Structures are given as C-alpha cells and as structure tokens.
Amino acid sequence: MEKWHIVVDIEKCVGCFNCMLACKDEHVGNKWLPYTDEQQKHENKWINPEKHERGSVPFTEICFVPHMCQHCDEAPCEKKFPDVVTKRPDGIVLLDVKKAKGKKELADACPYGAIVWNEELKTAQKCTLCAHLLDDGWTEPRCVQSCPLRALSIVHCEDTEFEKLADKQNLKPITNGSNQPRVLYKNLYKFNKVFVAGALAFLDGDIEKAAVDARISLSLNGKKLLEQKADFFGEFKFDKLPKNSGTFTVECLMEGYNPIRQEVTVGNECVKMELMTFEGR
Amino acid sequence: MGRKADKGLEIFDKTVLGGTLFALDKTLNALALAFPEFKMELRKKNITVQMKLRDESFGRLLKFKDGFVTSNNGIFKDADVEMVFEDENVARKVVALIRDQAEFVNAAKSGSLALNGPDEEAMWFSALLLKVFAFDVLYAKNYGTKMPNGEKRYVTGTNGGPLFVYVKDDKIVRVTPIDFDEEDAEPWTITARGKKFSPPKRTTAAPYAMGWKSMVYSPDRVLYPMKRVDFDPDGERNYENRGVSGYERISWDEALDIVSREIIRVRQTYGAGAVFHTSGSHHTWGNCGYYLSAAKRFFNCLGATNAALNPDSWEGFAWGATHHYGGSARNGGCEPYSTVEDCMQNSEMIVFWSSDPESTAGVYGAQEGTIRREWIKKLGIPVVHIDPYFNSTAAFMGGRWIAPYPGTDAALALAIANVWMNQGTYDKEYVADRTKGFEKWEEYVMGKTDGVPKTPEWQEEHTGVAARTVRALAEEWGRKKTYLACGGITSFGCAGRTAFGTEWARAMVCLIAMQGLGKPGVNFGGLQYGTPLDTRFFFPGYADGGFSGDYMGTGAGVNIYNRMPQSPSVNSETQLIPRLRIPEAIMDGKTEANHMGVYSVQAQFAKIKYPAPGHSTVKMYYKYGGSHIGTQPDSKRFARMYRCDSLEFVVNQSIWMEGEAKFADIILPACTNFERWDIAESANSGGYIDKTYLQNNHRVVFVQHKCIEPLGESKSDFDIFQAVANKLGLWQVFSEGNSEYDWAKRYFECTDLPKKISWHKLLKKGYYVVPPLPENRRDPVAFNWFAKGIKKDTPELSPLPSEHYGRYNEGLQTPSGKFEFEAQTLKMFDPNDEERLPICTYIPSWEGRDAKELYSRFPLQLISPHVKYSFHTMGDGKDSNINDIEEHRKLVDGFRYWIFRMNPEDAQKRGLKENDVIEVYNDRGSVLCALEVTQRLPKGIVHSFEACADYKPLGEPGYAVEKNGCINNLTPSRFITKNAHGLAVNSCLVEVRKWEGENK
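These protein sequences, in sequence, are chains E and R. The first sequence begins at 1 in full-length UniProt numbering and counts up by one. The second sequence begins at 1 in full-length UniProt numbering and counts up by one.
Read the hints as simulated data drawn from the structure, not as lab findings. Careful: at least some of the hints might be erroneous.
[Stated by the list, open to error] Cut-off 27 Å, straight-line C-alpha distance, at most; resulting in silico cross-link-like pairs (DSSO-like, lysine-lysine): (1) R:Lys377 - E:Lys172; (2) E:Lys237 - R:Lys377; (3) E:Lys12 - R:Lys196; (4) R:Lys14 - R:Lys109; (5) R:Lys14 - E:Lys229; (6) R:Lys377 - E:Lys51; (7) E:Lys12 - E:Lys240; (8) E:Lys209 - E:Lys193; (9) E:Lys51 - R:Lys913; (10) E:Lys87 - E:Lys104; (11) E:Lys237 - R:Lys196; (12) R:Lys939 - E:Lys190.
[Stated by the list, open to error] For each label pair, taking beta carbons as the anchor points, the in silico distance ranges come out as: (13) R:Lys909 - E:Asn176: 53 to 61 Å; (14) E:His52 - R:Pro219: 47 to 55 Å; (15) R:Gln345 - E:Gly137: 39 to 47 Å; (16) R:Tyr808 - E:Gln228: 53 to 61 Å; (17) R:Gly194 - E:His52: 28 to 36 Å; (18) R:Arg261 - E:Glu120: 42 to 50 Å; (19) R:Ala134 - E:Asp83: 50 to 58 Å; (20) R:Gly447 - E:Lys224: 43 to 51 Å.
[To be verified] Pulled from the structure, derived: some chain R residues nowhere near chain E, Cβ distances all over 10 Å: (21) Phe396; (22) Ala472; (23) Glu998.
Bear in mind the structure is a predicted one, so any value in this text is a computation, not a measurement. All residues carry an ideal CB built from backbone N, CA and C; glycine is no exception.
Whole structure, please, built from the sequences with the hints as guidance.
Right, here's the structure in full:
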C-alpha cells in the first residue's frame, strides 16, 4: 500500500524555522484528539532545524538539519512500549494519548531524541506527521507546507517505489538506519563530512596575486583521490571527506613555478590551510 | 438638453428617490426580522429622521421606535435628524443602491448633501444606512471559504507574505501560506541557458508571518484601555514615573474622554504644533488601516506635528548615490524591471555587497526570492558576498565570503575601480558616451590628487581584506558581466548605515556605471526584485495613502487621486521634528536636520528647524506602538525623554504592552489586522519602492477578512480614531461616515480588480492572482534605455517632468542627464564639504578602528543589521513562538536572551564561552545578551541584530543596564554625514565582559 515518506534536503534548508513555527502554530493551543494533545508552548519542539557550523573564516559554512520523529519501521519506542506506540499501516508512528500520560521514560526510548516530555500535561509527545490533517485530505503536513523550497518534502508511495527514489537521489538515514527510519536525508555531507580548503598565491613583481591557474590534488598513501583547478580567488576546497580519514598530501602545481606539497591531517573538523605561495623555478 | 428633457429627468429622479425611500423602512424591518443582531442595532435609538430635498418639494419621515421603523411622506418639523439633499438628482445618485462614490464625495464637499442633528444620532443613522449595503457581510457573515471540517478559511496579509487563516468558533486555528487552486493564473516562465524556470503555484511566508497566531493571542496584548496609576489629568501627573508605574484598567468612555479633553486643552492652550504624532515605519498590513491612511487622515484632521522621516533603510543611497544617478523618488534606489530574467540569462557573476535577502526578505518579500536564488545555484552562476558577517544569503548560496571591517567598504570599492582603471577593464565606450566627470574621479582613485593611489594594497590596511583577494575579485569582475546586489532588495544595505555610508553607496553606483549599467547582464539586483509580473494591472500599495486623502504627504497624488474618490485632507500645521532628533526636540526644545525631499535631488539640502515659526513646542505625544526604543539609535534617549515634564500628556495606541507603550499615561488597546477589515496586495508598499511587488513570484491581491472579533475591548486603529474623532466633532470629516469595511470595498472599486473578480467572489475566496503578461509584453530591462541612449521606457512616472534638465524622459535625473561621476548637485551645494565631496572618496569612520582613543577602550566593531526572524519589533517578545527559535534568542537560566555573536579568538581572549550571559557596553549604555561563539565573524567584529521589541532596564529607565537585548541602546545617534538626516548605527564600538550582576 501507499505509505508516507519524508525527504530532507540539507542544501535546500535556509534555516527559516518555518517548520518548527508551523508545528507550533498547529499544535500549541489546539487539541487534535485522538491523535495528540496540545503541544507545550515553550521548550518542547516536535521538529527543530539544528544549526551546524563547519570550517573557519573565510571558509565558514552553515547548514541546518531538521530533527524530528523518524517514524521508524523498526521503532525503538514501539519495541519498548508496544502498548503505547502504534505503527499505522501508512507508516506513521503515533503515541496513544492516554497511555503516554506520565510515561517520562518514553522520551528516553527514542535514540533520535524526538519524543519530548510535556511538563505541563505530564505526558510524552512527538510529531504525528499531522496525521489529523493527512487523514482529512491534506497532502502535506504543516512543516512541509510552510517550507519555502520544500527542503522538507513528503512522498506518498509504495515502499518499493520509494526505495528506487532513495537510490536515485542518494538519500540516507541520519544515523546508521538500523531502525529503518521513514525520514531520509539528502546532502548530509554538510553535517557529517569535512573539507580541506586553502588559498594559493604567487608574486608578480612585488604584488601578491591569486594563483588562479593552479591545479591542486589530494592524495592518500600515494593515491590521487581528487583534483581540482583553483577558483578565481586562487582557492580550493576538497569536500565530502570522512571525518578522521587520515593524513593526506595536498599537491599544488602551477606552470613555471615549483610545486607545493603539504601534509594535512583530517580529524573531526574541517581544515583551513595557511596561504601557500608559489615560488619561481 | 432641452427643458423638456430636464423636466423629464427631474420627474424620473424624484420617482426613483420616492421609490427608494418608500422601500427603506420595509427593507430595514425585513433585515431586522432576518438578523437578530440588526434588530438589536435598530433598538438602540428611538428617533425620527427627516429625509428631504432642500426646497422641501419632497420629503419622507422615518420613525424608529423599539426596533421597528415606520415612515410617512411629507415635511415634518422637529425631527431628530435631517438628511438634506440639494435636489432630486443628487439624492438619486447618493441613495441609489449602487452608490456613485465621486458624486457622493462631491455632494458632501459642496454641501449638496447634509446631515443635521446631534452627532450621536446622526452618526447612528448614517452608519445604519451603510450597514444595509453591507448586511450580507456584517450580519450574514457571508465571506470566507467553508471547509468540510467546519472551519472557515479567511485571508489576511502580513509583512512577510499573505496567509490563509483557518478559524473555528471565533478562534484562529492555524495560519498557512497560500496554495493556489486550479482556477488561479499560471505562473511565468524564464528560459535561461537552455533551462526553463517557473515558480511554484503558491505563496511563501517569512517566519514572522508564521508566528502571527501566537502574536494575536499573546499574553502581552493590551486588551483594555489603561491608565497609569499615578497619572491624574486633573491633578498630579507624576511625569517622572513614566516607565516605572503600573497601569489600571479604565473604561473606553473614560479613556476617550481623557484623550479628547487633553487634545483640546493642549491645542487651545499652546496653539499649533502642540500635539505630536509618530508611528513605527511599518504597521500591520492593509492599505486602508495603514498608518499612512487612517492615522494620516486622523492627524491631518486634527492638526499635528509630524516626524520628518530619515530614509533609514536607504541612507547611503539617498544621501549619496542619488547625486550620481538620480532616483530621488526611490530615495536613491534603482529601477528593478525585468532584472531577474536578465540576470539569469546574461550575467556571469553576482556580487552581493552588504546584501542579505535571506534575512531581510528584501522588504515584505517573504521567501519569494529564495526560490529564485536556488535557480542561480542550478545555473551555476558564481557569487561573491561582501559583508562583515557570514550572512544567511552567503550560507545558503555558497560562494566566496569577503569580510571588510565595518564602514570601510568604500575603500574596497575604490581599489576595485583602481584595478579597472589601471588595466583598462571597464566599459570605456559607455563611460565616454553615457557618463560625465569620470576624469575627476579617476584622478582621485589613481592618487593624482592626493598622492595616494587607491590600490588593493592601500585598501588592505583599512578593510583588513587581503590585497590579493580584492585584486582577484576586480579582475574577475572586469572580465565578467556582473550583477551587483546592494541590500536585501536593492539600494539598501547595512554598509549604507555606517559613518559616511554615503561613500559606499556612491562607490556602488560608480562601479556599476563603469561596467555599463543597463547593458545585458550588467545591473543591480540579487534576484530579489524585478520578476516578470504584470505592472499594468492597477492595484496601489499602502504608501499610496489609502483613504488618507493626503495627496502630498503620501503617494496618493501620484497613484490614487484619479481612481479613488475621497475628500482631500491636509495638515495645516507645518511643524516637523527630524525623527532621529525626537528626544532632543522634546528635552531641549529645539533641533534641526536636513529633510529628505523626494521630488528632487537637491531638496535634501534644505533644513527643517524645530520649533517651526509660530508653532508651539510639543506638549502631547500621540504614539502608535512601542517600536522606537528598539529600532532608533542611542535609544535610551527615548526613555529619558518620556520622563521629562515637557511632555504633559502621552497616549500610546498599541497592540502589545511593550517598548514605549510602557511610558504612556493612557494606553489605547489596538487590535491586529486579523481582527479588522482591509484590502491589500502582498509586498506592495508603493511609495518609495514603486512596484515593490516585483519581489514576488505572483501578484497576489486580497481582501483582508475580519477573521475574528477584536480580543478583549481592543478596537481597530480605524475605530479608535473614529471614536476620538467623534469626541472632537470630526466624525464625518475623518471617515465620510464610512466604516473600515466600507473603505475596503471603496478601495476595491478603485482598482482593476472589478474587471477580473466581483466583490462577492473576492469576499468568498479572499484573493486573486494577477496573471503575468505573455513573454513578448514583459517590461524592458531596467536602465537598458539609458545604456542605449533612448527615451526612458520603463513603467514608472518618476522622476518628475521638471526633474529633466534636457528633453523630458531623456536621460537620468542629473543636471547633465548622464551618470555623473562628479556630482554637479553636490558641487553646487558645497564643493568643499569634506564629508561629502562631489566625487566619491573613502573617509575613515569617527567610530571605527581609526578612532584611536575610542577604539582603545572599545575594540570591537559591532554591526546590528535588520533582524532575521522578527520584522523589526513585530515578532520578537510578546511571548510569541518566534522567541523559541534558537537562532533568535537563547534560553539561559530561565530567560530568553538576545544573541550576540563573536569570533572564538575574541571570546577566548575575554574568557567567554558559548551561552555565557554577557554585558555589551560602551559610553552610551550597557546591554545583556547571550553569547554565540562563531566563525561567521572575523576577529574584532561582533554582530547582534537590531530591534528587540521590549525595553527592560534593570533600574532607572534611560540609565540602567538593559536586560532584554535593546542593542540600539549602544548605537550612535550621530548623522551619517553632517549634511544629512541619516543614521549610522553600524559604526559602533563596544567591549564585552561576562555579566556577574543581578538579573532582576
């Protein structure tokens, strides 16, 4: 049967927080029984784009990663609390409003931190994917409907069909995927990968100029992995490197000048290399 | 026409009139039977009304008694109210069910229609007649779209896009952006580099639009008229306790009585000028309820001192760039037409310079531009961002980020010009044909006049940006057709709000002129403004004056006068206070500043002086909302101002209890635009930003439904003004007897909407999408006419005919008609003004790294751009959902602090870490914030947005440490340049330390 799937494209998220605001707009002060009780006005968020910063001046990058209930097919919350958690045939995971009361430990059952504790109502709550609206004929939950670029989007199709789409678009779960989440992410590299960036210059008389014609390569254990041409600022960036992936050799070539070779160790953070200046042969 | 025909017409008119009046009592009784609420209305008065022709040749008496109406033909003496028509012709036209607005206004103006009797009875009868025309809306509630689940869907507008508003049981359930349906117009398509691009069929919403429901139901709403507990209009007023004392609820009667008595008292005691009114720059959305409509008309009727507005978003362009290329009607802004398509098709690079539309949404642009900027990523056009802060646009689009020290952008720009001049990589033909005075500027840039060539190496010591980087940018720019985006929309930008920010804006237009402004691919814009929409469809913006009747003080004289019949209104009091000097005017009793006139370039050289000759200083302040204290520079001045005794009375008409509202003697509770009627278009301001809606992907015009009843005892601004006007005998003068619903309908009739959709249908559906024109009828590209040297063919009426010194519509608004690198207007004004020479130069800031003594004490340069998640103060505070955005405020120890951003090295040097509560201070003040440590700033530059909504001093207002993040407590009030009335808040030095004090 057709089921709900959510796709999050990190490159399209502009950090407007409309998803979080739309969720609050729908659920704070509104009771959608039997799906869910009201959301707590403050502190509780059922979806939240979390900011992630990488790199340093001037190679700073910002991205936002929306966190929400993953509506897992192998939901850890369901396994621990089968009487409270319902997996609907259309994929949506819901908490039983009555049975979730007083069960603070439900919040701990979610490895994604997506179940929150509503202190005012003394109950565990989470995203319902606006099931009350989808069941009423809406085609998108509130977070998706308010997303300007549909960085958040929803797909209603057979699981097999969605698998093909996930393959084609290289969609990945935010963690290892063992819980079979129904929320898949695109361009996660901005969140979980690192880059090596740097600038190249040469001296034209006594004027320092950007080495716009330089070619830069990245090698690991003598094997050339990536190569690129410097941009018009004489700068380069090798992106999508796994964290802690080792010590690389950066080789910079420019015709008429001595090659520059430097070792760079990629750890948990992005690497900004100091300015490298070509010297004449 | 012969006499016989005249006679025939007279008889016809009398018959129609007789029939109409004969049916009137029956109509009223029938409506009362159908609608109990109308019956209640009828029951309110037991009076008699004589309707008659002036010569008493025809008359009918209406008797209202206990909710029933009866009537008789004839002339009767001692009726309570008389409605007198000059003759049968006037009467027929006015009374006819489809009223002729122009005839009505004419009749009222010429005295051909008069309503005599006690105000209260006359008003009641007049309103009753209008209610008959609006009964299906007012009583049958026949508007909005019924949803299957019992909710009703309405439409409203906001500063961040239009919204669907779902309502059940008089409560807003949700607000959403608008998804178009199948009958709405298909969008346009741009074909660029082999790809086709069309916007999705929906509107977008800014975060502050998505937060509106939480603002409507804010616990900070003022729900009842309030009086300061220790304010006694007939005894002790205790001015010094403003901002400290609490408030008590009073009745509307008492509030209106105090306010109207005070208006009359100060005006009769002190004469012209004694009443002062200001509002924030932006109001709740809607063309009739806007401050440039309802408030404008009210204060014109009253006679009041106004604020002379500084062009706060345009400063640098208005006081600087306009001298090179005109555009005074746009405050120095440039044409936008068809630049989105041209940019996508022809440009090879985009430079965003002090431009962050992803934060500012241009202005009112919701997230419309975001969609188009994603296309730029798809087209692979390289982008560069120049901004001291790694802003949201840079974060979204990628590309190289260049961070000059605040206020040094002009130096960077001069170095780019220097490279082009040295290498000859500019459009020499264009410069020769289309510009004037280039040699003068070239002498300066090349160092011939002062021995200092403005090279990339020279700029490095001022800007901190490597010469190599600037040279590389200049060379690439010299090679590639480049679009230049300044500010979120165009001609705005933080850099224009620095000391001598005029020079940055001037440099921007000079650079683009060197590369051939208006040639394909060379223009201003960052995909925010200039979509291919239909500019011919007539629907005005809010600044076009609504029903203000003010043909000079708003855009009405340009855009509405020939379409919307209304009686004119004029403020007979000429006194003005420069907005940036309001506190000085009140506290010192005198001030002066240049006045930004928009009709000509040189108008800005004139000064306004306060007090005006023969005018009183201000004794009463009628303030609209509480925003100045969050948005104006050195804003503690306002707290001190309110607490001085020269202001005898302060009334604030406010939706929320925040900011300056807490300094008033009387607070009048205003409702939001969700609680009143109006009509408007998304992102259409009109006025200074002609065709602002070209930021949108669709022209969406809408009625603004009264979605819910006003909360508590709050009233719409219109109804409050009407109530005060009634007390002053101004009821007909203020509103022509019309309600705000009537005005919305009258407004509809003046636009092109009736050609496309009936009022009835618009009331149901709520909005109309104006179809875009076919591709071959799109507007010409901005300034392309100028590049070609042909007549101006872009669709706008500015500049005025008299602003062409040569033949009309040929050339720019400069004396030569050419782009002037050496500005003749500045040369004629003062060729030796070192702060603004006829050519663009770099002038080091008085509050930057060159201000040695100050810099040694406060070594951090603070920029405070327009806030991202709140529309100025509209969104922040009020316990709205906006405050839960972790990028907006940070929750530390139970309080949501304003965010202050700093580079890790600067933080480490001060022993500070993420989420520390810190004190940001300088000689002007001290503000608490929560720290964000970030690589979005280089060392030495710090960032915190402007416009915190509420002012929370930890002690004496005007002096104490401020807790809530009122960053403008710290910014300088010095003018951008001495002969300008412009702010320079981004030239602000501060120091930061961990806050160890008490927080209460």
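Here is what the structure says about each hint:
1. R:Lys377 - E:Lys172: holds (23 Å)
2. E:Lys237 - R:Lys377: holds (17 Å)
3. E:Lys12 - R:Lys196: Holds, at about 19 Å.
4. R:Lys14 - R:Lys109: holds (23 Å)
5. R:Lys14 - E:Lys229: Roughly 88 Å between the alpha carbons, so the hint for R:Lys14 and E:Lys229 is violated.
6. R:Lys377 - E:Lys51: holds (21 Å)
7. E:Lys12 - E:Lys240: Given pair E:Lys12, E:Lys240 holds - Cα atoms ~17 Å apart, limit 27 Å.
8. E:Lys209 - E:Lys193: Roughly 31 Å between the alpha carbons, so the hint for E:Lys209 and E:Lys193 is violated.
9. E:Lys51 - R:Lys913: The hint holds at about 17 Å.
10. E:Lys87 - E:Lys104: Distance of about 20 Å is within 27 Å: holds.
11. E:Lys237 - R:Lys196: Violated, because 30 Å separates the two Cα atoms, which is more than 27 Å.
12. R:Lys939 - E:Lys190: holds (24 Å)
13. R:Lys909 - E:Asn176: 53 to 61 Å: violated (40 Å)
14. E:His52 - R:Pro219: 47 to 55 Å: Since E:His52 and R:Pro219 have Cβ atoms about 33 Å apart, the given range 47 to 55 Å is violated.
15. R:Gln345 - E:Gly137: 39 to 47 Å: holds (41 Å)
16. R:Tyr808 - E:Gln228: 53 to 61 Å: Holds, at about 55 Å.
17. R:Gly194 - E:His52: 28 to 36 Å: Given range 28 to 36 Å: holds, Cβ gap about 35 Å.
18. R:Arg261 - E:Glu120: 42 to 50 Å: Once the Cβ atoms are compared, 46 Å apart, the range 42 to 50 Å for E:Glu120 and R:Arg261 holds.
19. R:Ala134 - E:Asp83: 50 to 58 Å: holds (57 Å)
20. R:Gly447 - E:Lys224: 43 to 51 Å: holds (47 Å)
21. Phe396: violated (5 Å)
22. Ala472: Check fails; 4 Å does not lie beyond 10 Å.
23. Glu998: holds (24 Å)
In the structure shown, a violation is registered for the earlier hints numbered 5, 8, 11, 13, 14, 21, 22, in ascending order.
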